[in-house]
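Enquirer: Here are the chains, one letter per residue:
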Amino acid sequence: MSRGLLFSFFFHTLIIYLTMLTLPFMMREPIDLPPIVSVELIEIKDKTYIPFAPKARKIIEKVKEEKKRVVSEQAPPASKAKEKPDRIPMPEDKEEIKELIKKKQNPEEIKPKIRQASEFEKEELFDTNEIAALIDKAKEEQAETQRKKDELTQSSVKNSFAQGLSLSEEDALRAQIFGCWSVPLGLPYDKDLLVRIKLKLKPDGRILKSEILDHARMNTPGQSFYKILAESALRAVRICQPLKVPPTGYERWKELQLNFDPTEMLKG
Amino acid sequence: MKKILLILSLFLFSYKNAYGLITVDITRGNLDPLPIAVSPLHVDPKSEKLSIFETVKLGGEISKIVERNFKSTGLFNPLKKDAFVQKPDIAHLKPRFEDWRLIKAQALVTGKILIKDKKLKVEFRLWDLTAAKEMVALSFTTTPNNWRRVAHIISDKIYERLTGESGYFDTRIAYVSETGPKNQRIKKLAIMDQDGFNTKYLTLGNELVLTPRFNPTNQLVTYLSYFKNMPRVYLLDIETGIQEVVGAFPGMTFAPRFSPDGKKIIMSFAKDGNSDIYSMDLENRVVEQITKHPSIDTSPSYSPDGKYITFNSDRSGLQQIYVMRSDGTQVKRITHGAGLYGTPVWSPRGDLIAFTKVRKGRFYIGVMRSDGSGERLLTENFYQEAPSWSPNGRVLIFYRETKSDSKGKGFSAKLWSIDITGYNERRLKTETDASDPSWSSLLSK
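As they're listed, the protein sequences go chains A and B.
The numbering of the first sequence is our numbering, which starts it at 1409 and goes up by one.
The numbering of the second sequence is our numbering, which starts it at 109 and goes up by one.
Next comes chain B alone, as it looks inside the complex (with noise of 0.2 Å):
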């Protein structure tokens, strides 16, 4: 009897649910930016002082940062903070959600700092204004002198929660800088911070250097520079200052990159008008010749993965860019378009290689698919190459030159950045001019 009952109900059930709910499919949303509040971050008054820095305006400096960062990205629009309608210290406690909404904010940042036994405390909350609910808490400690370090990862974490994908603001970016004339150009390698701040020179510039690269782990530079009048690829550690020559090759070496496991170095070796792609073992300092063709090979840079190189060779006639595997086999042609292609770099993401291509005397960069297909040019110049990727495989970087006049005037070298889809091209500000920039991994992981 019950058996029936049971059947009976989940008959009557069934029947009822038989005429569907209404549903309605939403494929599209906007890009627009996310509007979100950074309120300056509570300094407790029980800190101590320190002369460094002001620590009553450490925390709006911090909120700054953050806001410049999201700013940058084309993805956030910070509010204004004239509009906040809370004080940072209870904002923090609880916000007042229904109020914050008013002014149109989607997500609200508060934060906390305390100074103590000279050791710098920082927490942060993110709160989802809509829902009413905190979506990310964390706390640092660090040393007072990182401030502006943990400015970044503040802005590193609420980005991931926010896209889903990690963030690009705790990473350095090393470049060429450039002073003096034309042509008496002074080139040195430098490094700063993403958002142009904490610049460091490495060489001191009596040698030309190009090319600069980071390691996976960000403590090496591999670079070009001059030794006894030939170009040689170098290897630099940021921290020691120590610097050596790559390899004992009898010729030129030039375009270096590190492999993604960190342990080898790719570079083109050049000898009688051929060159052609070597990598280098750095711990027992075996080369390995990896294409073998009489053109020139050049601008290797490695998959994610490891498992493909993917460089530029003028063996079709013009310079096309190719896809191989890591060991030299099964090299594949993936550009066939009018023009020139060149300097081939893989995302990090793994699916598309940024690359420079040269069409009617104009410089474009731009983004294809690993298989050469798909191909977007995101941006055009008189002169522009040498695409970096951000480490999250969003934002390239690259540089760009103004055309001087018949006296050399007018000339200049700038950084620019692009976002992958076209949008929010941006110039990054650096205390000379600037070149060949390379972006770092991030530093905090």
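Bound conformation, chain A alone (with noise of 0.2 Å):
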């Protein structure tokens, strides 16, 4: 009965590991394409079409207005001038003139208000840091929704399909390695020279630990070239270092190995 019961459940592993193993072969494999990048072709205008926040709109609509009626009441002295000299200056007028002489005493009241069109200097427009801090909020939401959107795309994306590094990361990784790698000259090259390093980074690019796979071989007699090889490439990593990994996904990359050899460089 045990034994049955034994084979019975033996077998049924067998057969769920098996269908773990062979059905993402089975899957069809999607073709590898970078993330769709939307962009959006805007005019460059005078004016921002950068949309604000509710309360900043009612704010702007407000200032929009106030400056429609400065603009209207600062009548040109060049109208003026139009008017007859002998003429006598009713008491409307002279108030009219008063509110005119006021205006133009505070030149700086009215002027950062017409400027309230442009975002840049949102801050200089408005004294009330509350406004643009409401502003920067809901852009900052907004693009915060956005991020996590993208990430979501990109992590679903590269889990599904990408197990390596892209070509570019890869490149970029490499030239970097050339560049701290001072290849020992005396080297053998008709022996095998490949020097495989497993590395364990952290999220920065720093290592946390470095391990020649092929450690056995540091002391073998008559391979002391392996040794000199084998320090020369884990002091070009550890020169290199932060290496330049992809900025995200560091669960891709967190272990790496890095194969060194130089036999094609030394045949020259």
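Errors might be hidden in some of the hints.
What the hints assert, rightly or not - Partial chain B-side listing against chain A, Cβ under 10 Å, derived:
1) Leu129
2) Val132
3) Arg136
4) Leu139
5) Asp140
6) Arg176
7) Lys179
8) Leu210
9) Ile211
10) Ala215
11) Thr238
12) Met243
13) Leu246
14) Phe248
15) Gly272
Derived by calculation from the structure, the hints in this document are not laboratory data.
Since the structure is predicted, the reported quantities are computational estimates derived from the model, not experimental observations.
Positions of the beta carbon are idealized from the N, C-alpha and C atoms, including for glycine.
With the hints as a guide, bring both chains together as one complex.
Expert: Pasting the structure below:
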């Protein structure tokens, strides 16, 4: 009874395991395209079209209205010159002039309000930091949401398709190590010169742990060159750190294997 | 049950590793000189004072020689001492690796000197600064007079540890010293350390000397000189100064060279306008004719295993390089390019043959594989010839002459060296003009 049970258990486990192994291969491998980044082409104009937060919009509208009003009140002096010089000013006119003078005496009060239309100078335009903060917050929230959305898309793409580094990422890392590796020139290029180093990396690209995979060869008689080669490779990795690893996807590259082989280079 | 669990865990483990580790292949590196800091060796205050040098300055002098040796290779960049961050005595005990790394050094050499009972004791350490560990530590005891050799031996050990090939600093160079105007040159046999120091003259200059060559133990030198107005191959014992004519040949002998085991001398013997290659056993004085051809066969050189000989011959009409078995069979021409090829010398590694090539009035020093393929011309000049290998087969030394004017002025002959990669061409300092250099093997093996 128990034998049959064990046999059944083993058989089922085997089937589950085989299913786990084979199913991913049965799936049609999707084309590894880079994530689509949508770009909106906009025409550069004098006015900004960046949307403002509702509260800020209200204030801006108000300011715009004020601006309109100010402009209408600020009658150009030229029109005044057209008035007859012998005309006796009426009481309403006096008030109007007073108002005009008052406005002219404080041009700063008007100017900044007119420049409110510029988004980049919002802090100067509104002395009320609160409004700026509100606008920023609204944008930040929007950016954050967008970033999370992108991240999700990217990570899901990479996790599902890409197990290694992209070509450009690999090239960047390779180019960095080329520069750090001083190749010992006295190596016998007719022998096996492959040194495999396994690295455990920190998220910033610094080395947590390095390990020579064929360590036994280091002390093999007649293989003294291997020790020198392996040491030079380790030196290169240490000098190079932090390594130029992608900014995202730490889980992918937290463990890396570097295969150093100078045979082609030494053969010239 | 246990077995099942074991199999299950194995399955699960293998599944975890089904997606491999990211691997990146690194197939190229740089050939930039390695930055190395050579700290002055600490002189123990208990050291005795000697008349031959200032004991206090000895540590600095040895480190300077090591630095010069490294610099001359083109593979190392010794850093300036002004930037050094630790005193020699403390650095020798335990360097502060992070401080040395700040000055961009990758390796550090420290050492200590003690003179006691008229004996010089030198110890040194090589540190890997990136791995923060000691790479090599050695100690020598010798007579104080040998302090320069100690510096060369230290250089060799460090070079070997960092490059993977043996060094060539504790070696000597035999050459022909030249003085006087071009038409009345006085030529003496001279010997010096590879860095140009400790020059000694082995002949007086009464007779013309040419083509000196060391034997493998560096005790004997064979060369060409004149005996009764006839060019003859000589053998000179450097220690005793005793010299003798090699063999009783009824004519001119020239272009001598030792076999790799040092038991034979191979040379050319010319008679009636024809020259062939002969060898002579130094123990029983038996002479053996190796080539037999009605043409000029000369400049023989053994392969390091002694099985083959390379030489140049004009049997094809033009001077070309040939390779044959050491018994004279299986002669094969290996050069077919335009121009004349001569003075072939087999590399101590055995993989390359160095040669002089003359084409369109220009002289080239080059290397090729022993089958004649992969010819690379390393340097070109108005007149240069006679390459000789460093014992590790990485560097060639040769001599170069400058053109003289119609009155014979402006003429000079100097020794030069070049790396087999074609880089790092350097002139070697000699007391006088010099030609026909020959590099010894390592003195301390």
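Enquirer: So, for every hint listed, does it hold in this structure?
Expert: A quick look at each hint next to the structure:
Because the smallest distance between the Cβ of leucine 129 of chain B and any Cβ of chain A comes to about 5 Å, under 10 Å, the interface hint for this residue holds. Hint on valine 132 of chain B holds. Least Cβ distance to chain A is approximately 5 Å, under the 10 Å limit. About 5 Å separates the beta-carbon of arginine 136 of chain B from the nearest beta-carbon of chain A, less than 10 Å, and the hint is met. For leucine 139 of chain B, the shortest C-beta to C-beta distance to chain A is roughly 7 Å, which falls under 10 Å, so the interface hint holds.
Hint on aspartate 140 of chain B holds. Least Cβ distance to chain A is approximately 6 Å, under the 10 Å limit. The restraint placing arginine 176 of chain B at the interface with chain A is violated, with a minimum CB-CB distance near 20 Å, outside the 10 Å limit. Using the Cβ-Cβ criterion of 10 Å, the hint placing lysine 179 of chain B at the interface with chain A is not satisfied: the shortest such distance is roughly 16 Å. At a threshold of 10 Å, the smallest CB-CB gap from leucine 210 of chain B to chain A is about 13 Å, leaving the interface hint violated.
Given hint, isoleucine 211 of chain B at the interface with chain A, is violated; its Cβ is 14 Å from that chain's nearest Cβ, farther than 10 Å. A cut of 10 Å between beta carbons decides the hint on alanine 215 of chain B: the least distance to chain A is about 9 Å, and the hint holds. A least Cβ separation of about 4 Å between threonine 238 of chain B and chain A falls short of the 10 Å threshold, and the interface hint therefore holds. Using the Cβ-Cβ criterion of 10 Å, the hint placing methionine 243 of chain B at the interface with chain A is satisfied: the shortest such distance is roughly 8 Å.
A distance limit of 10 Å between C-beta atoms decides the matter here; for leucine 246 of chain B the minimum to chain A is near 16 Å, and the interface restraint is violated. Taking 10 Å as the C-beta cut-off, the interface hint given for phenylalanine 248 of chain B is violated, the closest approach to chain A being about 21 Å. Because the beta carbon of glycine 272 of chain B sits about 4 Å from the nearest beta carbon in chain A, less than 10 Å, this interface hint is met.
Consistency note: the structure conflicts with the earlier hints numbered 6, 7, 8, 9, 13, 14.
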